[in-house]
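Q: Can you make the complete structure from the sequences, with help from the hints?
Just so you know, the sequences run in chain order A and B.
Residues in the first sequence are numbered from 1 upward in steps of one, following full-length UniProt numbering.
Residues in the second sequence are numbered from 1 upward in steps of one, following full-length UniProt numbering.
A few of these clues could be false.
[Claimed, not checked] To spell it out: a stretch of chain A is covered by chain B in this simulated footprint if at least three of its residues, at any positions, have a beta carbon under 8 Å from a beta carbon of chain B; those stretches are:
# : region
1 : 18 to 32
2 : 111 to 117
3 : 180 to 193
Rather than coming from a laboratory, the hints here were simulated on the basis of the structure.
All C-beta atoms, glycine included, are put in the ideal place defined by N, C-alpha and C.
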Amino acid sequence: MTQSTSTDDLTGFVRPGQGAGLVDVVRRRYLLNLLVRKEVQVRYRGSVLGWLWSYVKPVTQFLVFFVALGVFLQLNGSIPNYPVYLFSGLIMVNLFSEAFSNGTRSLVDNAALIKKIYLPRELFPVSSTLVALVNFLPQVLVLGVVCIFVGWSPSIVQILGVLLGLVIIIVLAMGLSLLFGSVNVSFRDAQNFVELIVLVATWASPVLYQTALVAQVLPEWLMVIYQLNPLTAAVELLHAGFWLPTTNGAGQSPDGLLMYGLFALLISLAILAFGQFVFRKLERRFAQDL
Amino acid sequence: MQTRLAIIATSINKTFLLRHTHSLKESVIAALRRRPLTSSFNALEDVSFRIHEGESVALMGFNGSGKSTLLKLISGVLQPDRGEVLTRGRVAGLIEVGAGFHPDLSGRENIYLNAAILGMSQKEIDARFDDIVDFSEIAKFIDTEVKHYSSGMFLRLAFSVAIHTEVDILLVDEILSVGDEPFQRKCLAKIRELHAAGKTLVVVSHDLQMVADLCDRGILINKGHVVFDGESHEAVARMRAQE
Numbered sequence: 001m002t003q004s005t006s007t008d009d010l011t012g013f014v015r016p017g018q019g020a021g022l023v024d025v026v027r028r029r030y031l032l033n034l035l036v037r038k039e040v041q042v043r044y045r046g047s048v049l050g051w052l053w054s055y056v057k058p059v060t061q062f063l064v065f066f067v068a069l070g071v072f073l074q075l076n077g078s079i080p081n082y083p084v085y086l087f088s089g090l091i092m093v094n095l096f097s098e099a100f101s102n103g104t105r106s107l108v109d110n111a112a113l114i115k116k117i118y119l120p121r122e123l124f125p126v127s128s129t130l131v132a133l134v135n136f137l138p139q140v141l142v143l144g145v146v147c148i149f150v151g152w153s154p155s156i157v158q159i160l161g162v163l164l165g166l167v168i169i170i171v172l173a174m175g176l177s178l179l180f181g182s183v184n185v186s187f188r189d190a191q192n193f194v195e196l197i198v199l200v201a202t203w204a205s206p207v208l209y210q211t212a213l214v215a216q217v218l219p220e221w222l223m224v225i226y227q228l229n230p231l232t233a234a235v236e237l238l239h240a241g242f243w244l245p246t247t248n249g250a251g252q253s254p255d256g257l258l259m260y261g262l263f264a265l266l267i268s269l270a271i272l273a274f275g276q277f278v279f280r281k282l283e284r285r286f287a288q289d290l
Numbered sequence: 001m002q003t004r005l006a007i008i009a010t011s012i013n014k015t016f017l018l019r020h021t022h023s024l025k026e027s028v029i030a031a032l033r034r035r036p037l038t039s040s041f042n043a044l045e046d047v048s049f050r051i052h053e054g055e056s057v058a059l060m061g062f063n064g065s066g067k068s069t070l071l072k073l074i075s076g077v078l079q080p081d082r083g084e085v086l087t088r089g090r091v092a093g094l095i096e097v098g099a100g101f102h103p104d105l106s107g108r109e110n111i112y113l114n115a116a117i118l119g120m121s122q123k124e125i126d127a128r129f130d131d132i133v134d135f136s137e138i139a140k141f142i143d144t145e146v147k148h149y150s151s152g153m154f155l156r157l158a159f160s161v162a163i164h165t166e167v168d169i170l171l172v173d174e175i176l177s178v179g180d181e182p183f184q185r186k187c188l189a190k191i192r193e194l195h196a197a198g199k200t201l202v203v204v205s206h207d208l209q210m211v212a213d214l215c216d217r218g219i220l221i222n223k224g225h226v227v228f229d230g231e232s233h234e235a236v237a238r239m240r241a242q243e
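A: This is the structure in structure tokens:
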């Protein structure tokens, strides 16, 4: 009954359950598309305000920070067009936070499916990131409209910079979701840890204050580390695209922003590669550990 | 003449590690106190078989014998610890149908979502959509949210999607116990039809008479070992003799 398989013609045979990782996600983009649409459709079902809820949060956050920092701490005076500055950074960090924390939980949330049917499991963190992006786009639209009202004249380079910042965030969030999401399957500590990271993220990048203030305090080597944070670069790129062109030359971007932007992209890609690597190592045990 | 092979399993072993800890803290404490972090359980040991294209095979055994684990290894949900499983062609499982259904989506949306989960492309789903709805006999409710379905309607739709998936190897787990009798008969007829069309079948069921009639070959598993591999009615006889 058990003959050696060496004499068989094995062409066309595959090992079930061993996919090509993120490449498979691209191959199954139709399913990815449906998963994203499902999530978007279902998230606020049964609530009266529906998708408005996803704007209540950033607007509330914006108002709190604006009143506390802009009015009370008087950043309004020292940073020109502070509301635009604040909002453009805030939506970027929110995109990251939402993509990262939902992506980390996505495998556990889809346990029922993962335990029963094989499909490229990377689909879940990736779709979380895309759902966050769907949520983010109207916020950019609002930002754009506000910018136009206060006099917005961006250059092509600045617009490309915004796109670069967006790519950095997406790649970074996907990479970290793969990493922490796969660890979260066995150790639910991961999702709590991620909440901490998200909490720190808003303050560890120049969302509420300007990079120049940090440079006055931090020693130079620490400043380099601060700027190597991909979030910092992404937030500054968004500032450069939206806020800077509204200030009539009163504001300025940190030196070497483009270089830090490209570094940030490289770091994010490295994190994505590492996340995928860890994910594939741990994936073998997903169905039995969930 | 022998047909081509469809599934090759070569001395597969599957051990489940049951972890006793669920957080880093517990793991560290357990390690410090030298308590075992895990205990293991051999679900399958040195299981080998070869299934040719177009064969219909029943996996038999009592509860806990490892047959569902075997099915999950073939579908790719689980990975063997040792040995190797190889498959040729598209594999789809009628394993706990409805796993990918979302209660807040309509029947129509769920058909598309689930068929895509089972590996179909948009074109394939479009082409089969009407067949799926007809088979499920719930055309009237297709745009109603699934949460308003009765459990019977839900199972009909879920089964209908799964059975219309484009496959070469069809895995069936206990599915035929669902639905009322006329629908069960219809499902069986559909499975026979797929078999007649040259699809490979691997079936797990506790309805021994039914699987023996449906399948030509039976693989009897006991406590993770293959104890018999041959004609299906004989496999049933052996299994009954085990009791």
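Q: Indicate, hint by hint, whether the structure satisfies it.
A: Hint-by-hint comparison with the structure:
Note: the region 18 to 32 of chain A has 4 residues with beta-carbon separation from chain B under 8 Å; the three-residue rule is met and the coverage holds. Residues of the region 111 to 117 of chain A with a Cβ under 8 Å from some Cβ of chain B number 6, which satisfies the need for three, so the listed coverage holds. A count of 4 residues in the region 180 to 193 of chain A with a Cβ less than 8 Å from any Cβ of chain B is obtained; the coverage claim is therefore met, three being the minimum.
Going down the numbered hints, you'll see the structure goes against none, and every one checks out.
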